[in-house]
Amino acid sequence: MKKGSANHATSANAASSVNAAASAKAVSSASCNIVATSTTCDNAAASDTSTFATVCANPTTEPGLYAAIDCGTVTVRMLVARIETSQYLRVLHRAYAIVNVGEHVDATRCISNAALQRLSATLHDFRTQLSAYEQQEHERARVRACATSAARDASNKDDLCRVFREAGFELDIISGDEEARLSFAGACAGWQALPASRDAAVAQQALLVVDIGGGSTELIAGMPGSAPCYVHSFDIGCRRATEKVLGSERISLASLERLNAWIDELMSPYFEQLYRDERFYPDACEQERSAHVNAPAPAPVSVSVAPAQHPVPCFPLLGVAGAATSAVSMLCSMHHYDAARVHGFPVSEANVAALIYELANMTLEQRKQRVGLEPKRASVIVAGLAIMQRIMYHTHHTCYYACESDVLQGVIFTLASNSCRYNRNCLVQ
656 MKKGSANHAT SANAASSVNA AASAKAVSSA SCNIVATSTT CDNAAASDTS TFATVCANPT
716 TEPGLYAAID CGTVTVRMLV ARIETSQYLR VLHRAYAIVN VGEHVDATRC ISNAALQRLS
776 ATLHDFRTQL SAYEQQEHER ARVRACATSA ARDASNKDDL CRVFREAGFE LDIISGDEEA
836 RLSFAGACAG WQALPASRDA AVAQQALLVV DIGGGSTELI AGMPGSAPCY VHSFDIGCRR
896 ATEKVLGSER ISLASLERLN AWIDELMSPY FEQLYRDERF YPDACEQERS AHVNAPAPAP
956 VSVSVAPAQH PVPCFPLLGV AGAATSAVSM LCSMHHYDAA RVHGFPVSEA NVAALIYELA
1016 NMTLEQRKQR VGLEPKRASV IVAGLAIMQR IMYHTHHTCY YACESDVLQG VIFTLASNSC
1076 RYNRNCLVQ
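Residues 656 to 1084 in our numbering are what the sequence shown spells out, letter by letter.
Honestly, the hints are just simulated from the structure, not real lab data. Check each hint, because a few of them may be wrong.
Unchecked claim - With a cut-off of at most 20 Å between alpha-carbon atoms, the simulated DMTMM-like pairs for lysine to aspartate or glutamate come out as follows:
#	residue 1	residue 2
1	K899	D832
2	K899	E920
3	K1031	E1020
4	K812	E794
5	K1023	E904
6	K1031	E920
7	K812	E833
8	K812	E792
9	K812	D890
10	K899	E912
11	K812	D827
12	K899	D919
Unchecked claim - What follows is a list of derived Cβ distance ranges for each label pair:
#	residue 1	residue 2	range
13	P1001	Q859	16 to 22 Å
14	P924	S830	39 to 45 Å
15	P924	G880	45 to 51 Å
If you're wondering where the values come from, they're calculated on a predicted model, not measured in any experiment. Cβ atoms here follow ideal geometry from the backbone N, Cα and C, with glycine treated the same way.
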């Protein structure tokens, strides 16, 4: 489904044009509404070969069949999993569709009838898929369906709940803080699947999880296995930033600078708080911290890394959701999206800057043909990458790790009981 490659850009002039023929290839596969990954039965419109297979659960976790649905501003996703009596959570099925529920919600405060119709079709497909697994497993699944930013902003929440109910699901419209905490639970579990986390010292490090959605961005910092210490949901996401600031055609340097200023205005207090915490920047002195907080903004598409005199963060940066993972699919020339390959992939600040430079200079139609990029994500990808780049600048990270474990896993964990953690065997081909 996804393909990808990336060319490093050295110029910081986002207004100059890019030769689209040299930087993009046509996507050969036909697009489809529902993309699914299954470990046991094949009842989806399309599939790939990668999957998350097993999760090591907390001993108090109740065995059974579980399903989680995440209705985001851009994408609607479902995860079906079974917790075994051996205390392993086995993922059976993953499906998603780019529905754009939140299209124009920021301006109208209303989910459109067209979006509700698209959502209805997707949810009925999800219900059919889930029913197949319930029949296969001889058990009714315990299900939680959650909606996030667009639903929080919409005045016609009742219509959204009705569409879910008609498909056989009860909807919870969750707060930004709950969304953030669920993302943190899922991302921490995914981090524990990576070889680096086996090191005792690394396992004790704090984490910063960045969840860039369509309507909001969640920043969650804390220690794995504990409640996060700094949680905030910001009303800026790739769809909202595209509609309010960037637009979806060729994107100017001035527009990127306006987006950076907006990010700084919203997020600077969070970064200041984080920067002054010894658990995250133990070697930083008060003067250095203050200097960093008030540092001038660099060019938004600069490929330079954080200045050497800045303190080095002692914690990894994990990026979840579509922008963070799509960067990997573009960089790795994926002919089909491979979650196992994406998970844990380090994406450098230079990689992010190069992708922004390349994609900003394309028209929307050219972006849709970009190898490795889901065509329906083409209108919002630059905003998502720009948000990630700005966060990396503020935290002094030279790379982030893409993480395939997020809100969906967090929902399953809380349904099942608490504090599940990934076993290394959770990623298989």
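K1031 and E920: Cα distance at most 20 Å?
Answer violated: K1031 to E920 is near 29 Å, above 20 Å.
What's the verdict on K899 and E920, does the C-alpha distance respect the 20 Å limit or exceed it?
holds (15 Å)
20 Å Cα cutoff - pair K1031, E1020
Satisfied, since the Cα-Cα distance of roughly 11 Å is no more than 20 Å.
For the pair P924 and S830, does the Cβ-Cβ distance stay inside 39 to 45 Å?
At roughly 19 Å between Cβ atoms, S830 and P924 fall outside 39 to 45 Å, so the hint is violated.
Would you mind confirming whether the straight-line C-alpha gap from K812 to D890 stays at or under 20 Å?
holds (18 Å)
Holds or violated: K899 to D919, with C-alpha atoms at most 20 Å apart
holds (16 Å)
Do the alpha carbons of K812 and E794 lie within 20 Å of each other, as the hint requires?
At roughly 31 Å apart (the allowed maximum being 20 Å), E794 and K812 break the hint.
Take a quick look at whether K899 and E912 sit within 20 Å of each other, Cα to Cα.
holds (13 Å)
Could one say that the CB atoms of P1001 and Q859 fall in the range 16 to 22 Å?
holds (20 Å)
Within 20 Å, alpha carbon to alpha carbon, are K1023 and E904?
holds (11 Å)
Taking only the CA atoms, is the gap from K899 to D832 under or equal to 20 Å?
Given that 20 Å is the threshold and the Cα spacing comes to 23 Å, the pair is violated.
K812 and E792 were given as a pair; does the straight-line alpha-carbon distance stay at or below 20 Å?
Cα-Cα ~33 Å, so violated.
Violation of the numbered hints given earlier is confined to hints 1, 4, 6, 8, 14, 15; the remaining hints are satisfied by the structure.
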